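With chain A's structure known, arrange chain B on it following the hints.
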Amino acid sequence: DGGITQSPKYLFRKEGQNVTLSCEQNLNHDAMYWYRQDPGQGLRLIYYSQIVNDFQKGDIAEGYSVSREKKESFPLTVTSAQKNPTAFYLCASSIGTGTEAFFGQGTRLTVV
Amino acid sequence: KQEVTQIPAALSVPEGENLVLNCSFTDSAIYNLQWFRQDPGKGLTSLLLIQSSQREQTSGRLNASLDKSSGRSTLYIAASQPGDSATYLCAVRRSNAGNMLTFGGGTRLMVKP
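Protein chains in written order, with the working numbering: chain A, 2 to 113; chain B, 16 to 128.
Just chain A, same shape as in the assembly (with noise of 0.2 Å):
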């Protein structure tokens, strides 16, 4: 049963925390992405890799990192100098940076 899955769906974090979103794909796919979602809003790239032990910052890549240390994961850290957190995020994959996305069922963040 191949796919995208994001672990936990809901995530409360206090302020000043560090907190850790998975993300696993068995689908093969080379290139990963992290996405935020705000209310009513489109989705802004946080980072990508286009292959494992790389990867790069996308629009809004500030108080947020990254690794990828395996082809089939991508986790993503919200650091504490990230001002605003409370958002939905979104992991997703392609074989290649131009071919067709795939998505996750997102994990939803609350700073509490």
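These are computed hints drawn from the structure, not numbers from a lab.
Since the model is a prediction, treat every value here as computed from it, not as a measurement.
Glycine residues also receive a C-beta, built at the ideal position from the N, C-alpha and C atoms.
Be careful, since some hints might not be right.
Beyond 12 Å from chain B on every Cβ pair, some chain A residues (computed) [as the list claims (entries may be wrong)]:
{"hint": "1", "residue": "N27"}
{"hint": "2", "residue": "Q57"}
{"hint": "3", "residue": "R69"}
Below, in silico cross-link-like pairs of lysine-lysine (DSS-like), each with a Cα-Cα straight-line distance of 30 Å or less [stated by the list, open to error]:
{"hint": "4", "chain 1": "B", "residue 1": "K16", "chain 2": "A", "residue 2": "K84"}
{"hint": "5", "chain 1": "B", "residue 1": "K83", "chain 2": "A", "residue 2": "K58"}
{"hint": "6", "chain 1": "A", "residue 1": "K10", "chain 2": "B", "residue 2": "K57"}
{"hint": "7", "chain 1": "B", "residue 1": "K57", "chain 2": "A", "residue 2": "K72"}
{"hint": "8", "chain 1": "B", "residue 1": "K127", "chain 2": "A", "residue 2": "K15"}
Listed next, the stretches of chain B that the computed footprint assigns to chain A, with coverage defined by at least 3 CB atoms under 8 Å from CB atoms of chain A [to be verified]:
{"hint": "9", "segment": "28-34"}
{"hint": "10", "segment": "42-51"}
{"hint": "11", "segment": "77-87"}
Same frame as chain A, now just chain B:
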């Protein structure tokens, strides 16, 4: 910088109507364009992908067209059903910057029985 706009932001129609959702983009140098559906609180489901060299793509009751020179795409939904109620997002893939997707704000569709 590529900007993507979707009009209208929200749409409510009676069941059975044919409808058109609009997407416009400012930079015609795109690699392809993808339409997605998003149900409340869920991820995105890919509906159609149109390459920059194509004019349209069809899948079931959905038809997407692309006019790259004028920076427009439309998603046509035939014989709408209540199950079509969702937010529809278009995204263009830039020809530079690693072919990344730039998203519009979406059209929230409600089909009333």
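Results for each hint:
1. N27: 16 Å, holds
2. Q57: Incorrect as stated: the minimum Cβ-Cβ distance to chain B is 7 Å, not above 12 Å.
3. R69: Check passes; 14 Å lies beyond 12 Å.
4. B:K16 - A:K84: Since the Cα atoms of B:K16 and A:K84 sit roughly 24 Å apart, the hinted pair holds (cutoff 30 Å).
5. B:K83 - A:K58: Distance ~27 Å between B:K83 and A:K58 Cα, so the pair holds.
6. A:K10 - B:K57: 10 Å, holds
7. B:K57 - A:K72: The given pair, whose Cα atoms are some 24 Å apart, holds under the 30 Å limit.
8. B:K127 - A:K15: Not satisfied, since the Cα-Cα distance of roughly 41 Å exceeds 30 Å.
9. 28-34: violated (count 0)
10. 42-51: It holds: at least three residues are needed, and the segment 42-51 of chain B offers 4 whose Cβ sits within less than 8 Å of chain A.
11. 77-87: violated (count 0)
Taken one by one, the earlier hints fail for this structure at numbers 2, 8, 9 and 11, listed in ascending order.
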